[in-house]
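Q: One letter stands for each residue in the lines below.
Number of protein chains: 6
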Amino acid sequence: MAKKLITFGEVMMRLSPPGYGKFSQASSFELVYGGGEANVAISCAYLGMKAAHVTRFPDNALGKAATQFLRKHWLSTEHVIYGDDMLGKYFLEKGAVHRPSVVIYEREGSSFSLIEPSMVNWDEVLKDADWFHWTGITPAISDGAAMCCLEAIKTANKLGITVSGDINSRSNMWKYGKTMQEVMPELVQNCDIVLSSTHGIHEIFGIGQLGGKFRFSAKGLMDTFPRIKKVVGKKRKSISASHQQIQGKMWNGHEYIKTERLNITHVIDRVGTGDAFASGLIYGLLHYGDDMQALNFASAACALKHTVPGDVNMVSLENVQSLMAGDTSGAIRR
Amino acid sequence: MAKKLITFGEVMMRLSPPGYGKFSQASSFELVYGGGEANVAISCAYLGMKAAHVTRFPDNALGKAATQFLRKHWLSTEHVIYGDDMLGKYFLEKGAVHRPSVVIYEREGSSFSLIEPSMVNWDEVLKDADWFHWTGITPAISDGAAMCCLEAIKTANKLGITVSGDINSRSNMWKYGKTMQEVMPELVQNCDIVLSSTHGIHEIFGIGQLGGKFRFSAKGLMDTFPRIKKVVGKKRKSISASHQQIQGKMWNGHEYIKTERLNITHVIDRVGTGDAFASGLIYGLLHYGDDMQALNFASAACALKHTVPGDVNMVSLENVQSLMAGDTSGAIRR
Amino acid sequence: MAKKLITFGEVMMRLSPPGYGKFSQASSFELVYGGGEANVAISCAYLGMKAAHVTRFPDNALGKAATQFLRKHWLSTEHVIYGDDMLGKYFLEKGAVHRPSVVIYEREGSSFSLIEPSMVNWDEVLKDADWFHWTGITPAISDGAAMCCLEAIKTANKLGITVSGDINSRSNMWKYGKTMQEVMPELVQNCDIVLSSTHGIHEIFGIGQLGGKFRFSAKGLMDTFPRIKKVVGKKRKSISASHQQIQGKMWNGHEYIKTERLNITHVIDRVGTGDAFASGLIYGLLHYGDDMQALNFASAACALKHTVPGDVNMVSLENVQSLMAGDTSGAIRR
Amino acid sequence: MAKKLITFGEVMMRLSPPGYGKFSQASSFELVYGGGEANVAISCAYLGMKAAHVTRFPDNALGKAATQFLRKHWLSTEHVIYGDDMLGKYFLEKGAVHRPSVVIYEREGSSFSLIEPSMVNWDEVLKDADWFHWTGITPAISDGAAMCCLEAIKTANKLGITVSGDINSRSNMWKYGKTMQEVMPELVQNCDIVLSSTHGIHEIFGIGQLGGKFRFSAKGLMDTFPRIKKVVGKKRKSISASHQQIQGKMWNGHEYIKTERLNITHVIDRVGTGDAFASGLIYGLLHYGDDMQALNFASAACALKHTVPGDVNMVSLENVQSLMAGDTSGAIRR
Amino acid sequence: MAKKLITFGEVMMRLSPPGYGKFSQASSFELVYGGGEANVAISCAYLGMKAAHVTRFPDNALGKAATQFLRKHWLSTEHVIYGDDMLGKYFLEKGAVHRPSVVIYEREGSSFSLIEPSMVNWDEVLKDADWFHWTGITPAISDGAAMCCLEAIKTANKLGITVSGDINSRSNMWKYGKTMQEVMPELVQNCDIVLSSTHGIHEIFGIGQLGGKFRFSAKGLMDTFPRIKKVVGKKRKSISASHQQIQGKMWNGHEYIKTERLNITHVIDRVGTGDAFASGLIYGLLHYGDDMQALNFASAACALKHTVPGDVNMVSLENVQSLMAGDTSGAIRR
Amino acid sequence: MAKKLITFGEVMMRLSPPGYGKFSQASSFELVYGGGEANVAISCAYLGMKAAHVTRFPDNALGKAATQFLRKHWLSTEHVIYGDDMLGKYFLEKGAVHRPSVVIYEREGSSFSLIEPSMVNWDEVLKDADWFHWTGITPAISDGAAMCCLEAIKTANKLGITVSGDINSRSNMWKYGKTMQEVMPELVQNCDIVLSSTHGIHEIFGIGQLGGKFRFSAKGLMDTFPRIKKVVGKKRKSISASHQQIQGKMWNGHEYIKTERLNITHVIDRVGTGDAFASGLIYGLLHYGDDMQALNFASAACALKHTVPGDVNMVSLENVQSLMAGDTSGAIRR
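Chains as they are written, first to last, in numbering that gives the first Met the number 0: chain A, 0 to 333; chain B, 0 to 333; chain C, 0 to 333; chain D, 0 to 333; chain E, 0 to 333; chain F, 0 to 333.
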């Protein structure tokens, strides 16, 4: 029977000029929706898992349309809550080669940022789940979001559900009066699986060294938070905005493993590739009894996302398994 | 030499599903910009006047793009100021026949709403202007916007520039702690020309009767605020979302005049038709020595706007004069 | 608690040239999905009901995409079944004024047409439903579809669920060896509510007269099939492809009622207006204790659908109630 | 066996902003091709006739693309000639209601305008034709075009092929040094069928009275040019750019006939409606042994064109016959 | 004088999501038409040859539109026949890098598959042709299609017209009861030129070895079928869906030749590149008295097709010759 | 305070099929405007300079729309003059890999080509400028254009404004009776900065050797025209239409410098990259006191333009500086 994933976080309306046009050239915007955690849930759903996302939208036609996007892409939305007036948004101008993409966020005061503890009945939400996933973006948004996230993690712990956290966020996101250093420890200590960069582990917890080896940072993190069983990272080399390389790495408490480097020579859409990695890791750990295979699965999922427009990895299980098995040819099988 | 108009107010990004699609059907949004006062300025510019708009945009690529829209449509933008992070927005789902359009605003906390007195150097802005125009939406947005508007009006008075105000706003817009009844009198008493409905005059000032005759309300308003020289209204009959009728009316202190009813049988875009009326009135009063002709000009401009997509009336002077002269045939002249 | 509707029937991919373009002009097709019964379910869902649709799609990415369309528009799709290779399709070239629309069907051999009895577990599907709706198109498609439909109706009867049938179909649809005269009686005799035209009642059952009064045909039908409690019809006057008038009528066993005529002067999309009528009737009968109000609700829903692109009526409950209350102005309420 | 029509004239690239957008709003242009005479040929081809168009295009990819447009829409293009560099063009901004369409021509110096006598082998072109059609636009373009047209007419006369001329053009088109009064008589005297307005007959030949009765002008024209067998006109009432009425009229030497008025309440594209009338007339005279039926056919074709985007009437024979028979309902026949 | 090519085979409507979108993301489809044999004919026509395609379409507006596509792209269509109801279709989701394209066919029961012997008058069709080309897809579709193909080949033999066959097809296409091993020998033995892979020669005829050298398989084929004068292959290396390499190879009975490898680093559309190779081979053999030049021409045409959207190679003779001459720079010549 | 640039030259409407489509596939054109000199001005404006462009447009809605494009992209347009009827145009079919782009010009007889001396008041235009830039295209268009350009250069000399000329043009552009060898010397001798290729210097002035070293040609040019202070070139290697390399080089009278080669692996739009180089040079020379930095700035600007759709480089100062500093990663900075 299909495994069930629950995710929690903000979903934003994403507006982007068609093709490689700049904001100054746009007379229309392409419209999709995305958010780090929902991206993970949808990607897992495309791989065959059951998945539900918990979020808060404005109680208007735009909030409904955002919910409809999640439903269309296979999520359960019965735990979406509605209130207040503003849907978080981001504007994306897609770059190429030496020209970086431009991202403009408008999420202050969004319905999600105004979420408060007890608005979600986590016992109900998590009752038949196998996995709960959160990211470091959520506690950065508002105190209420951080507290809701903690509620979720604790309920998951109580129910014996695996918890994974993709803990990085940008420090300039934290505007509501608390710092990541204050807030994150309590969230992270209750996690089973942590996704982070060396940089993130150092910035948040002062563990490891900037520019140091991932395995030492990971080990340091696990020493501090003994519940954590695996720390997983992703090395990205940005040859240009149009050419990326990625590689997965993991410290699982006894062994450091890493994947082959995957070479994405013609990037279609870079957004959400980290979320695709996380979704692949979750799927992999749940379906393969082997960390190396799980990590390979995660890397393959991540590489494939670079070729899918939008925030979300909509590739099939067969696509991921084929790339994971080393077929980089992109050849059609008829 | 061309007459010069200055307007002040928020300009919003307008996002709408293509054609008659509903929000739940959209996978892209058409993008234009609009705002009651800038709409007036641009329409006057298309008629041949000089026009500058004063507003405040976020200091990012979206704020620049909004400015570029104003520049493209002939406005001077050297007095636009930049600061804070959010561009006001509205979402428009276009209705038809019995199905009303849906409008969703997201303007709370916008860069414009955070404007404060003294941010604009009104002496500089207004120094070579002939006319200043504002609307009742601006003081409804925030205290700062209301105060800036008052600064502008007083400076215009000082410099001997005609001031017109299109004073209606929706009472549910007033969320910052002051009411329209408190704020509007000081703004209106310094106006030369007022555009309003009977309803608005009653709601704001308690003058006239709901459902009463426009001329009595207008007369009452002029009795209260003796600077006002003309009160102008527009009667709209909404036969359906696709079929509208409009008629201009004016009390100029000694005579009540009204235009023939214009019948817009195939509405393309209703938004901004009131602003087109105001722009026509301003142009008409500045270029015809006759209130009836000015009012006819305003009504014709208003009728034509119903057939132009977007917020702004981009028709030519020749278009307005031809309709004003009674040619409703829409026939091409080659 | 929300009432639950179950519908059963084919859902087709609908492909149409943009705007009013002809097939010979198209270089792209607009893509939506639709089918008489699913249209009813989705419309009811937009009005606030719970709704699930039962159908059969090919087991490929197109079948999945069709399911995703249903999910997006609020339907439960857990009872969709997959098999075979072809998705039913129709091509629509939209007409205007004197130019009729052109519809080309490609549904022979579709996955749905190959459905067979027992493929659907109707006891499971219908277990918590309040209403089951089918149309005369389904039994016209194939023997298997007809038998599945009969299974559903009988199960609904057994479970005490109201059954409505919109029984008309075109006689040239019946190609699999049975005639409507053979097949329909067994289906109709188990219905509680029948939607039909005078023409349909005469063609299928030989009851009433062509061109005769609806009430006599309805009465004749109810005499023959005593389970039927109401026979409901819709009078359409096609002034042109762009201008339609509709009027609801009902014989409920003791009284003949009809609604005011609604005048749709600017048709956006005529397809699915009959389904919108049926959905309004179902909603109305379930939520108003009054046949006249239910019929008014149905007519208003039908009229509004003419202004929504696609097969499906996505208007809100408020829209229908407002038109039902006589507000034909299409005016925005802000 | 299908009758064969030959037409001669310029074909222009037509560029128009999408929908009802103005030139100042366009970031793309919709692209079709059209020209008065080719429009007639294509419309006849859609009705089932054989048709070839003779024109001259630049010898580059744009000239080839224009030819491909004609081929796609069923014309024979083996007599198209290539040379020089510029494709004639027109820009169309579509009006609505009181707002007239705007048309901007760029055809000076086009490849067609540089055509010269003897470039076309008319004996070869016309050898198996039944009808030759030209319009008054061609001789207005250049001396070479006028001379080529005369060659064609004379060859048609020699071969016993019916010649029709739609003789109106705008006097401000005539820029190459000759006037319509000089050039047209020799062309018209060799015609069998003339389409013109009362105004045109007066302007070109000084025959009849401005505002006078069509039949008197027509009679006068036939008195002057005895080869002419029928003079045909079309009365258009432009209620607005979105609502037109048309009516056909004919003097056939012994009787004055006219059709019912057709009411096109929702105009999609007015361009080419006169050409659709001419094509309907040609088809009608060739296929009905009755002037009244031919004229009804012409009017019905003309009315239908108002609902087809682009320059060309792509409706089917069945569409025209149905409207000609009085069915104005636009109802689909399934 | 231009050489004339006749081709025979199914033409399908091709529907694809815009850009790199997945089926689950599409709200419209881009529409072109294509089929292996018609692709060859059109490509040859763009190179300057005369070409006619023989196929069978449904007798409706979609069949007409498909014919119009062929006409637009320079084919003669007077031998297209019409009947039955369904146009073959394929859906294409374009892949990138590691993500393979997805192709879904819907061609069972198509009008073409229902073609029967004697429906085409091959003596008439082929009377002035220089070359007849068919592919292994046609006999895979249906018994009738296979028999028609055989009729064509035999007639071509009789008339002394060169016959080429691109003989590969997928074995899972053969669903009508006969196998490729039964059907193909009679077709291939009457060919002058065969295009195939080593794999195909082995699969169909049991000749040569899987993974063996092309020249040995080719030689074996020519030993078995002595009419064959050249066997031509194409080596493709799929570095990724976005990066392909191709190389032509030929055994002409006495010598094995191959081209340089061409490196297509930014694939736009891979579909139809094999057909472009075949068209280049036909053009090359007809216009160069040298197998090596013909093969170079074929490879260059194939490489260029990878950069043209749609199924068909629309590049110019100059484009092919320039690349064939070694200019890989893609530089504009002004 | 921002430096001010004045440019002079034709601005054309640019029409291109969407994406990589060929002219034969287009049913719409994407619309932008461009011209070598205006491209330079706009690019400088995006970098923060003040810029005005002087040109001549037809006095109609298309000329206005072209002006609006310039205004939108930050130029002052108060010196644009209007007259005559035709807007210069070019059609662009975008190539890829081995397939070259196709460009078709239609500029003969354009409003700009009909410009005459004294139409522009250069003293007024140049009064507060810091730099004047022209290109070799302008004198190639018409005698009037050449004379206006000379007027501008002489006025700039008189006012002490730096003059730069990008002197290359294609010899087949010179159609009005004078040759580049006759016209260019007088223009170039009054320049301070010259951009040219070795080829151009040889072709126009017979200086240096074809295929010779740039520095020798540059030195020869400066020996002949002693006012010139720097000669600047750009080496382009066209690996394919999709992959370009560029490198800047300069002889400044005492030293030969060149930049690192920049590698643009995924070209979006090659048009205007030379203009981007010139704009970067102007900005660089005005803002860096160092030729090497100025040249690096120019090369970085040029490289970035390859990734921006349209004729114009709309990248930010920060983008250029970042690439100039060696960051080729295209990574987003958040």
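Don't read these hints as lab results, they were simulated from the structure.
One or more hints might be untrue.
Said to hold, decoys possible - Label-pair distances were calculated between CB atoms; the ranges are:
1) C:K236 x E:E115: 45 to 53 Å
2) A:G205 x B:E77: 45 to 53 Å
3) B:R235 x A:K153: 55 to 63 Å
4) C:E259 x B:F215: 52 to 60 Å
If you're wondering where the values come from, they're calculated on a predicted model, not measured in any experiment.
Just so it is clear, CB atoms sit at the ideal spot from N, CA and C, and this is done for glycine as well.
Q: Next, verify each hint and record whether it holds.
A: Here is what the structure says about each hint:
1. C:K236 x E:E115: 45 to 53 Å: Given range 45 to 53 Å: holds, Cβ gap about 47 Å.
2. A:G205 x B:E77: 45 to 53 Å: About 50 Å separates the Cβ atoms of G205 of chain A and E77 of chain B, which means 45 to 53 Å holds.
3. B:R235 x A:K153: 55 to 63 Å: Taking Cβ atoms as reference, R235 of chain B and K153 of chain A lie about 58 Å apart, which means the hint holds.
4. C:E259 x B:F215: 52 to 60 Å: violated, 36 Å
This entry does not satisfy hint 4, going by the numbered hints stated previously; all others are met.
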